[in-house]
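J.: Order-wise, the sequence lines are chains A and B.
Going by this note's numbering, the letters in the first sequence line up with residues 1 to 413, in that order.
Going by this note's numbering, the letters in the second sequence line up with residues 1001 to 1130, in that order.
Any given hint could turn out to be false.
Said to hold, decoys possible - The list that follows gives simulated cross-link-like pairs (lysine-lysine, DSSO-like), each with its CA atoms no further than 30 angstroms apart:
1. A:K164 to B:K1011
2. A:K222 to A:K164
3. A:K284 to A:K222
4. B:K1057 to B:K1011
5. B:K1077 to B:K1011
6. A:K385 to B:K1002
7. B:K1022 to B:K1077
8. A:K260 to A:K322
9. B:K1036 to A:K164
No lab work stands behind these hints, which were simulated from the structure alone.
Quick caveat, the model's predicted, so the values are computed rather than measured.
Each chain, written out:
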Amino acid sequence: MTKAWDATSEHLLRELAPQVLGTVARRFHDFAAAEDAVQEAMIAAFTQWPQEGVPENPRGWLIQVACRRMTDQMRSEIARRERETAVAAETENLASLEIEADMDSDDTLILLFMCCHPGLTQSSAIALTLRAVGGLTAAEIGNAFLVPEATMAQRISRAKQTIKASGVPFRLPSPSERVERLPAVLHVLYLTFSEGYASSIGSHLQRLDLAREAIRLARNTKTLLPDSAEVAGLLALMLLTDARRAARTGPDEELIPLDKQDRTLWDRAEISEGIELLTATLAKGSVGLYQLQAAIAAVHDEAERAEDTDWPQILALYELLKRVSPGPMVTLNHAIAAAMVHGPANGLQLLRALDTDPRLASHYRLDGVRAHLLEKTGDYEAAIKHYRIAAARTTSIPERNYLMTQAARLAGD
Amino acid sequence: MKYILMMNTMKTGQGVPQWPQKDLRAHIAFMIGLNKDLHERGELVSAEGLSFPDQAKLVRAGKDGRPITDGVFPESKEFLAGFWIIDVDRPERAYDIAARISAAPGPGGAPLNMPIELRPIMSGPPQEMV
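Hey, can you work out the whole structure from these sequences and the hints?
T.: As structure tokens, then:
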């Protein structure tokens, strides 16, 4: 009994990928090899199912195919060793291996913690998470980051070797470990989302939508950790930011700042879902970094016109954020909010504290914000200078175009 | 973060380097090994070597918009010999790779210590603008 392949089938395969991987990795105690086997099973499904239909038990089908690959691989490995050292019997054990559908929803959670392993670099952790938890192929991930498929496959493969070498067992981290490592997991999901923000602009439209993938992963993570207010906060932040996507760029791919966006283009459904999520977490009492950022995004999203924005509330939220998660970027955004409430001179005053911060002193964002505030004070000459410095320092083309245009606008034609 | 590493080592009129076979082989092996290593680390986006300067043409549009090609142009002192586009986690890693290329073996196996120009590629995600 099969059902026809349709538009939902690909999504189903992606959803099943981490579950299948979890089951196979648990059974064989080898994450790296299991990951390869599941990829092969996924490829087999992608080639066979559109022709032959989706099997009645798609998860069981994938587990069976992946396990068969694993046993084949182990058999040939054993055969190779037997030629050298005559090890026997193991094949027997493998042959009797029954393919049970020992599904455990914790498996996906284990995978997520494993992929966001502290031993991995950020780019490796993102790639591995998209592959193992997101069910994406190396080609799709490579496309999202504009690197060749072979390069991405290597990156993923090295990440798996790092995990293997670290000897982490395939089990759920203890509750205290989980608390300790959750921020790293959330950070990986957040970085994936931010990267997607870039990939959804103009000429990159043909790239895989990483922001959507990050939202999907955050949604799954929320199902796995329903009691974590920060997971819900992160999902809310993503939704409340993504809601502005259509208004964020103009017809020529130019960036449109928040106060100039056509707010009728904002996605109301995403905004209400984000606000609902956020409200539910705030009822729980604890307030973390993502919830606060989501709350700030929500205040923006709730304003019908830019001039209706409740800046005093945003300022208060940034003050809280400065206490919960201090950092130069937070100080920078706090200065913008302060400028909106108390005037640009006050904002400029707060920016001075950042001039000596090595993490931000030569960062384009500091010059960009300073230029914006200087413009508001009427000091156009200084504003032009800082817009140009910022334009020279950014590594984003849409941003450089925006900043150069701001300088040109003030300089007059 | 992506970088381009440019090897500007060629001079106008310069042809194939006249090194002893052993040294030439060592240099070629070094470059192949480097690319293999960058690929295996998942850092190589692309790498290309360029033809020698005597193949270079300078093209400019004439007043009618049609192309005017120049042959070898003696005013250029340096020519791009090849480039790498890499995707790495930290700027320091890009500097290390550039230094490794710079020290590629030349005649007698001695490091060439050639200048490698490194530039960030505009690939960062844009932030929300105020």
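J.: Going through the numbered hints above, which ones does this structure break? Give me the numbers in ascending order.
T.: 1
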